[in-house]
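Using the sequences and the hints given, assemble the complete structure.
There are 2 protein chains.
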Amino acid sequence: MATGRTHRPATRSRGIPEATVARLPLYLRALTALSERSVPTVSSEELAAAAGVNSAKLRKDFSYLGSYGTRGVGYDVEYLVYQISRELGLTQDWPVVIVGIGNLGAALANYGGFASRGFRVAALIDADPALSGRMVAGLPVRHTDELEAIVADNQVSIGVIATPAGAAQEVCDRLVAAGVTSILNFAPTVLAVPDGVDVRKVDLSIELQILAFHEQRKAGEELDGAVAATRRPLPKADGAPAARPAGDERPGPDGDLPAVMPA
Amino acid sequence: MATGRTHRPATRSRGIPEATVARLPLYLRALTALSERSVPTVSSEELAAAAGVNSAKLRKDFSYLGSYGTRGVGYDVEYLVYQISRELGLTQDWPVVIVGIGNLGAALANYGGFASRGFRVAALIDADPALSGRMVAGLPVRHTDELEAIVADNQVSIGVIATPAGAAQEVCDRLVAAGVTSILNFAPTVLAVPDGVDVRKVDLSIELQILAFHEQRKAGEELDGAVAATRRPLPKADGAPAARPAGDERPGPDGDLPAVMPA
DNA sequence: TCTTGTGAAGGGGTTCACAGCC
DNA sequence: GGCTGTGAACCCCTTCACAAGA
Numbered sequence: 001m002a003t004g005r006t007h008r009p010a011t012r013s014r015g016i017p018e019a020t021v022a023r024l025p026l027y028l029r030a031l032t033a034l035s036e037r038s039v040p041t042v043s044s045e046e047l048a049a050a051a052g053v054n055s056a057k058l059r060k061d062f063s064y065l066g067s068y069g070t071r072g073v074g075y076d077v078e079y080l081v082y083q084i085s086r087e088l089g090l091t092q093d094w095p096v097v098i099v100g101i102g103n104l105g106a107a108l109a110n111y112g113g114f115a116s117r118g119f120r121v122a123a124l125i126d127a128d129p130a131l132s133g134r135m136v137a138g139l140p141v142r143h144t145d146e147l148e149a150i151v152a153d154n155q156v157s158i159g160v161i162a163t164p165a166g167a168a169q170e171v172c173d174r175l176v177a178a179g180v181t182s183i184l185n186f187a188p189t190v191l192a193v194p195d196g197v198d199v200r201k202v203d204l205s206i207e208l209q210i211l212a213f214h215e216q217r218k219a220g221e222e223l224d225g226a227v228a229a230t231r232r233p234l235p236k237a238d239g240a241p242a243a244r245p246a247g248d249e250r251p252g253p254d255g256d257l258p259a260v261m262p263a
Numbered sequence: 001m002a003t004g005r006t007h008r009p010a011t012r013s014r015g016i017p018e019a020t021v022a023r024l025p026l027y028l029r030a031l032t033a034l035s036e037r038s039v040p041t042v043s044s045e046e047l048a049a050a051a052g053v054n055s056a057k058l059r060k061d062f063s064y065l066g067s068y069g070t071r072g073v074g075y076d077v078e079y080l081v082y083q084i085s086r087e088l089g090l091t092q093d094w095p096v097v098i099v100g101i102g103n104l105g106a107a108l109a110n111y112g113g114f115a116s117r118g119f120r121v122a123a124l125i126d127a128d129p130a131l132s133g134r135m136v137a138g139l140p141v142r143h144t145d146e147l148e149a150i151v152a153d154n155q156v157s158i159g160v161i162a163t164p165a166g167a168a169q170e171v172c173d174r175l176v177a178a179g180v181t182s183i184l185n186f187a188p189t190v191l192a193v194p195d196g197v198d199v200r201k202v203d204l205s206i207e208l209q210i211l212a213f214h215e216q217r218k219a220g221e222e223l224d225g226a227v228a229a230t231r232r233p234l235p236k237a238d239g240a241p242a243a244r245p246a247g248d249e250r251p252g253p254d255g256d257l258p259a260v261m262p263a
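If you're matching them up, the sequences are chains B and X in order.
For what it's worth, UniProt numbering labels the leading residue of the first sequence as 1, then goes sequentially.
For what it's worth, UniProt numbering labels the leading residue of the second sequence as 1, then goes sequentially.
The hints are simulated quantities; they were obtained by calculation from the structure and are not laboratory data.
There could be a bad hint or two in this list.
Same chains, same names: a pair is fine if it fits in one copy or spans any two.
As the list claims (entries may be wrong) - EDC-like cross-link-like pairs, simulated, lysine to aspartate or glutamate; straight-line CA separation at most 20 Å: (1) K218 to D93; (2) K218 to E18; (3) K218 to E46; (4) K218 to D203; (5) K218 to D195.
Laid out in structure tokens, this is it:
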């Protein structure tokens, strides 16, 4: 999950759980697919399967939005699409800027589902002067100097950061100062933002490491026939806790963080 | 968060909570930065700040790994780096294949933090014959026909899917059949996988929609001086639940899903 | 004195199971 | 009969607050 919610804790408008909010886009996608196939209604069971969740959870989620179903029948697809879209704020237009037009930034700019659902790429911004003016996904890349003006002129409230890690915080600061209040961060850094600004992060490296953890465990389980006695002894609570691992070479300090280079 | 854990629910080896696992990479990154600056020890307070969490949570997380700190002092940076790396399985080599070498796939292939932490890109695979043989990030793009052989030859257990949505499930099936047991999915689709295979997904569109939800709410809150009485009436429980929104135009059925095109 | 490690309390989310309604 | 909507139980995670220990 991402960060989210540095927001006002009190008066939390209507209590729709964060976990539910995170699943609404999933339901919306499944419903849109049904809508395209002109399916008129759908049961919680079917929709849940399409969205990859269980039906009880889906019904509970929908119950937070209101009683939009019909007992004995199911949910009206078009109506639900509309209600969820409205709840997510997708019935309005959200201008977005993408900062950092490397491979990743370009990929995001070209992303189809972007324009479709209420989001509109207002501008592409990069610090590299050599990129300025070059067309990416039908839009000219503009220089970072223009960032503040672009945000103001287009009333941008959502910014996407796809710069290297080292530049992310500064870009973030400038976006926020210019009026952006929601940030999607692809750079592998923790961003500091003032209250009222939401940050969500997408981090390839973290996802891979989580997979590796489970993968490693699977490899271990393959060979526990019975009780899994003394696998991987784990030096927990051995005499000297704070002692170095002695002669155990680590790969050594490496840059780690650099995200995708801007061209 | 991503999907994770289609795994064996019983005998969950040593009980290290999923939420903790998801934060270990964050700690590891912060610790690596400290290590590079040759900082010998760090307190839970400092490290927590660097990782963007609170210190109680961090201490609790570490307590699942063992007693690796020293009271009154803090944690030994190098030692912790090692312990977390080991716990995450990063002391071994994880060959990874990336399928779908469009902008996104190329971005992932070029990603620096990739190679650094135990992960090695074993091969780049794309269905487009025109791409075959072209060099990306120092590796030749190979054709999908070779997928099974590549996975087998390199003992690949982790696959990254960066194809358009339409191709994702088939690619997934082939990867799994070939022996891959962990998948990182960038395509905006729900992937069906057999038990024992972990899937995590990264979905730009979903993240943006979650941001939009909060953004919309902020916009509403700006103008509630007192009790926030009748803002956004919400037609909940009105007479006709299953009725269409009548004359309310939706953007209309659009493709939504297409991810980044493979070149 | 300072900081870790952890029992206990508290909060959220998921799941169950069934009442309510078509 | 079938499916939604939801109280209640359960479980996981976070946070608190302090005992333990260097």
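| request: Give me the numbers of the hints this structure contradicts, sorted from smallest to largest. | output: 3 and 4
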